[in-house]
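Q: Quick note, the sequences are listed as chains A and B, same order.
For the first sequence, our numbering gives the first residue as 1, with consecutive numbering after it.
For the second sequence, our numbering gives the first residue as 1, with consecutive numbering after it.
Hints were generated in silico from the structure; no laboratory data involved.
For every residue, glycine included, the Cβ atom is placed at its ideal position computed from N, Cα and C.
It cannot be assumed that every hint is accurate.
Claimed, not checked - These stretches of chain A come out as covered by chain B in the derived footprint (C-beta under 8 Å, 3 or more residues):
1. 64-70
2. 156-169
3. 179-187
4. 196-205
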Amino acid sequence: MEVTFKVYRKEPGTQTQPGRSDYKIELGKDATVLDGLLKIRDELDGTLAFRASCMRGYCGDCTIRANGKSCFACTTRVSSLTQKSPEITVDPVRNMPVIKDLVSDWDTFLWNKIDRIHPWLEPPGTAANGETIIPDSVMADIRKAMSCYYCGLCDEGCTVLPVDFGFMGPAALTKAYRFVFDPRDTATRERFKYIEESKGLWDCVHCFEASEHCPRGIAPTERIMALRDKAFELGIQNPRAARHHYSFADSIKKSGVLDEGKLAVESEGLTNIRGLVRLLPTAARALRRGKAPIPYIHHKSPGAPQIRRIIEKAEEKHR
Amino acid sequence: MKYAFYPGCVSRGGCPELYTAATKVAARLGIELDELRDVACNGAGVLPKYISDPINARTLAKAERLGETLMTICSTCTGVLRAANLRLKEDPEYREQINRDYLAEEGLQYRGTIEVKHLLWVLFEDYGIDRLKAQIRRPLTGLKVSPFYGCFMRRPPEVVTPAKEDAGRKNYLENLIDAVGAELTDFSGKGKCCGFPILTSNPDNSHAMTAKHTGEAKQKGADCMVTPCPLCHLSLDGQQAEAAKARGTNIDLPILHLPQFVGLALGFSPAELDFKRHMVSTKEVENQVSMLA
Ligand code: SF4
Ligand code: SF4
Ligand code: SF4
């Protein structure tokens, strides 16, 4: 089949605006996007830069966007992209600075972020026989997280990164999960300190986009939620998140339901005058509209005593 | 048609207009609501599962006693309750442990037989969209509407669309806009996050997300946006002015709750649907609607 690849080009160190180059090529019907890129580089344009390593869907090195959708170049068939038109677009993944063409800067994108979570195990002193035995059921879950390709597709799909590139992102947080839930790790509190810093764990909006984008079924969003539950259990160290979460729990414990007005105020912190003043314009407008944004008598669930009993029992079990 | 009705904290607190509209629309359509009054907030993804699963098991057990499907009017309630329900249904041992440890003392038990559905799904899957169409008294001709789902109505798939037949759930809002005679203004952010969950932890990022979606819909020509999630509403409506200011623009896009939007088509007046409680002025929409009536 004859296909036109419209490939994103960027030349580092020049003033030339990035744009797309068109390459018309002949490919077999089973060809992948990577086959096409290799053919272009070998036969038409030796200056085209892209990454690929294992070429069989194992290493996560060749992530790109084909027709706007992120994927591995080596496992995506061209025929799946040309149903509507014999032209396909090939771009670098989003949320990542581009060095040249399809080659992006993985340091700022991923490695520096993974670095922030201290990605190594802090084991207890060596056992007498040199072995630490862990039940396979526990290891199976950790192993799943460890099977991460570092392909970055979860970060690519993340909702927060486009508005804040400094966000730690799902891949690094998944890496943190791998250590936090490893029974051998002795640095859990330390590690939470790093991942709870601003632009970390509490900046995720739990939108489940990351899970949807992971080709490995690692479910990064679920890992992030598990980290949050663990932080809640151990005592949240980020002051803002702590106020928000414990005030939320408190409200439900007291009345069975959530009092959002009180929550907003308490999340800011009762002594944080500047934060509270920031709430005022919205609060005044809301009040005029009958929205009750400030502490008010919230109706109480008649089931409140039972709800409180349940919450206290659950907290007791996880202390 | 009768449902165990779980209105959620927001419709009883920050967005009282949602409760008003939902109950009026249900009554008009002949959907009977058995409101669960003594149940808890579901935890909204803020409480850890070890706390929220037991309190949600209690809520589900209450619905099970009534023998009715549990109906919500909030994307977040739907997602969190469904995820808890899935864990409890899939793992009888876990369910029994929660029954024993938490529910038995109150004489309750959850057997795992209850289904959780958002009003939007009820309209399409139980009520029937043709039946709804037959009740329309004011087709919303010419009103340009953008849909906004709320994450929990889209993802994760095992919770939202576990069966093949559920795939349509990703298009119900668009189909609804069409069914009531309004015009769809599609935009890329409709299935994305509104920014609400990080409103306290990172207001700047949260506002950036709110401004991005409302700004895009407005720019595409929408007269208003409709959402089945009151938490999205708190951001998209309640925070829109702040979010726009941070961007140095005005957006002024009215955000309607799902039942308000359906209510308009059923012939309710904006006043009956409590439009006055919105933070972004709904004047333009009201004018347009008044010309249709
Ligand atoms: S769940 Fe969190 S980390 Fe994952 S894509 Fe959404 S915001 Fe990003
Ligand atoms: S978690 Fe999944 S999507 Fe993210 S880097 Fe690892 S393999 Fe890729
Ligand atoms: S869009 Fe925001 S508020 Fe709405 S369900 Fe998703 S995370 Fe929650």
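Q: Checking against the hints above, which ones are violated?
A: 1 and 3
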